[in-house]
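*Asks:* Residue-level listing of the chains:
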Amino acid sequence: MKINSPLEAYKYLPQTNCGECGEATCMAFASKLIDRSGKTTDCAPLIKEKKFAKKLAELDRLLAPEIQEVEIGVGERAVKIGGDDVLYRHKLTFFNKTKMFFDVTDTMEEAALVERVNNIANFKKFYVGHHLLLDGVAIRSVSNDPEKFAAAVKKVAEVGLPMIFCSFNPAVLKAGLEAAKDKNPLIYAANKDNWKEVGELALEYNVPVVVSAINDLDALKTLAKTFAEAGIKNIVLDPGTYPTGKSMKESFTNFLKIRRAGITGDTEIAYPIMALPFTAWMAGISDPVSASYWETAMAAVFTIRYGDIMILHSMEPYATLPEVHLAETIYTDPRTPVAVDSKMYKVGSPTADSPVLFTTNFALTYYTVESDLSSNDIDCYLLAVNTDGIGVEASVAGGQLNADKVKDAFDKSGFDLKKDVTHNTVIIPGLAARLQGDLEDKLGANILVGPMDSGRLPGFMEKNWPPKK
Amino acid sequence: MAKKVKLSEMTNMFKDMEILALEGVTIEGDIELDLGGLGGGFDPMLAALLGQENAVLAQHFARLASMFGVPVGIGAPAGVPAAAPAVSPALAAPKLKDLIPAKFDFENIAEWANQIQEVPIGNTSADGGSRGKRVMLGGEKALPFFPDAVMPNRNQVTIDVFDMRIGLAKAVKVNYDEVMDSPGEWAKKNVEKFNADMITIHLISTDPLIKDTPAKEAAKTVEEVLQAVDVPIAIGGSGNPQKDPEVLAKAAEVAEGERCLIASASLNLDYAKIAEAALKYDHDVLSWTQLDMNSQKELNRKLMKQCNVPRDRIIMDPTTAALGYGLDYAYTNMERIRLAALMGDDELTFPMSSGTTNAWGARESWMVSSPLKEDSDWGPREYRGPIWEIITGLSLAIAGNDLFMMMHPTSVAVLKQITQTLFGSIEAEPVDIANWIGTEV
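Protein chains in written order, with full-length UniProt numbering: chain Z, 1 to 469; chain P, 1 to 441.
Rather than coming from a laboratory, the hints here were simulated on the basis of the structure.
Certain hints may be false.
To be verified - Below, computed lysine-lysine pairings styled on DSSO-like, alpha-carbon distance capped at 27 Å:
| # | chain 1 | residue 1 | chain 2 | residue 2 |
| --- | --- | --- | --- | --- |
| 1 | P | 141 | Z | 246 |
| 2 | P | 133 | Z | 225 |
| 3 | Z | 249 | P | 141 |
Extracted from the complex, chain Z is given alone in its bound form (with noise of 0.2 Å):
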């Protein structure tokens, strides 16, 4: 973004305060593109009327994010990457979580191909109210034969994920393409070999392309702006990711130094990056373990620092989800806290003599707690105690969750105790068991110790609920 203040965005818009966009001001508007919240097709008035063409094309230019957004595959599960404004997180946000795409060969078994592409597509891990998934599909080229590339292609455009073809033969990557068309696959890699016709396929199939220059970024620079000046738009950059030692340290910082010659204004490399955690597997590490976990380790690295999609290899759990987590957490939004409204909330449907809970209003720990229980079919009460978006430990131990903290959620929530349940009981998170004394006292009923962790209510349930009398 050329632009970071409310007011030079300002100058651009209509400055009617017609409040068709919803904010009741320009102004407020402004506030908007600048952090990011609204587009300029929100404003009616700038997009409809010929007078504004001029300023709205002069706008667009000036919020364009610094590192260009390209984005692969088509459908439902297509995926963006780049469009990144900042080199701090803290300091916006960063936009279009790093994408993790798992290799297939085109000299793979028919059945086991298929497998592992319907495993790359099916993964699943619930997180804060919705799923993380996995990305896409990189087909290796290991045959370099562009037969059977091409089937290979097609099998697994048929699952519908997005999709990198990798090779350095532009006759693989042509086959690839005829047979596969319209599914905006990218394509890996134009090198200082082929970029002239790796260049004219990207053109031909209007497709984004990969450029390639190991440890080298004039070289790699180079290529981008070729290929920019010939009207590709949608470019990767590839520096080379390697796995061990002082050149996996020279890697890192290609990352740095491209990064932030393109957020500071270095328009000519301002692309998305692709790192290649997949060399973790070339260095001769002898146990697939300990190679799964180097891969790992290599994704969190480029995942933190300015990578934006990634190939891998390891489909093991161990391996996949803490990467999908990191990608989650780098990529949050830091301006919004992650709580939910501190009230009481239904989970399934509960009755009077269904049990009653209370948790933070974390929306981590709420969500963690209402799935441990709506998905084993527990029916009940889950009150969310406002702690300022605080975790159970960490709030009994800053004070913000207290008994007063408990009493005062209920008052505001409107249940009763006495009233609105037969047992006048409440389950408490294990690691709130030291409020049990002041809980009795404070809401006069029968305080149950949960366990330390919301997982293992089912198993607590059948033990313990209903309560002995």
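Mind docking chain P on chain Z? Use the hints.
*Replies:* Structure of chain P alone, referenced to chain Z:
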């Protein structure tokens, strides 16, 4: 060569030589030639066929052709010959003709000149203590592993020891089961077998709700650990704000002169008492706050101004929330603290420590399988746990953390390997990654 030859003459010449087709030689249009095999020197087979004179002629054409930009012979890109010009309209008028050279420029950030305080832990005999080595934390002039300035001191790992048997995740417990009744043996194993740079002894049994071990008795455990190993040690209380100041003061006394790290001073207890003991008996203070940069500033300020703790005796612990359990807050808090320090905030210019062990509180690290039916299979937990601790710690290393309090031996080994790789001290055989696409895995 003085003699000029037209293409038509050339073809006529060939006509007289009873050659039906010339292998490797194609002539198209007026100048478009592809003379296979003639690029570097000339093909002896062709020379024999044409006779020396014609071969020289052919070479001349090859040179002429290359002057007009037609690819000739060896060294020309594959894929262009013969068929190419006729078909694709894109190639008929290629948009990509020549590389447009560009130079990449990078400048170091000058305003990061403010240096993080260097803080030593552990006194050797030269310093008046009995440690075999001292560790040095801090000293950075840029974000960790950034190219703007050399990072003088690597990350350090201190492995936890507890003064009583405690509940641990199974994957962790199997490594310590036989030493858990002896803090000394436990510490020794951490150093000798698991390569700990330091030991942290947690005096949790002193908690009135646990065993209420008296401070004097807890101090004996500290002595035991100091005698068992010669690495620097950190001494932690039970987290009980009423009891900790007394326990830590007593521990500081018995460890006099060893320059231990006393953990922790915090805003909700008598930090002055802890600071006083640390100064009196020659130790460092861990300044612990909960995910809040302003509280961290406040506590550091109080330690420096009220308690007169010198700058080279303060290490901060801004709290570690585990991956998936608030790491986003912990990460950003640390990164903001480190950036503010580098840009000149003197109240934050201290090395940082992380209770990375907190990662074992995340259910993904210890639970047998997901309690949620719709989740994909989580796989074996003995492999899940260690990597959860590694990724939690590694993320914070990149945000600016210097010292890690950890538990699982594998986590320690991998975290050290990756942070020291980024630090630049790991030598490795170079790996040729050019052919990664074709690698068999």
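*Asks:* For every hint, state whether the structure bears it out.
*Replies:* How the hints compare with the structure:
no.	hint	verdict
1	P:141 <-> Z:246	holds (20 Å)
2	P:133 <-> Z:225	violated (53 Å)
3	Z:249 <-> P:141	holds (18 Å)
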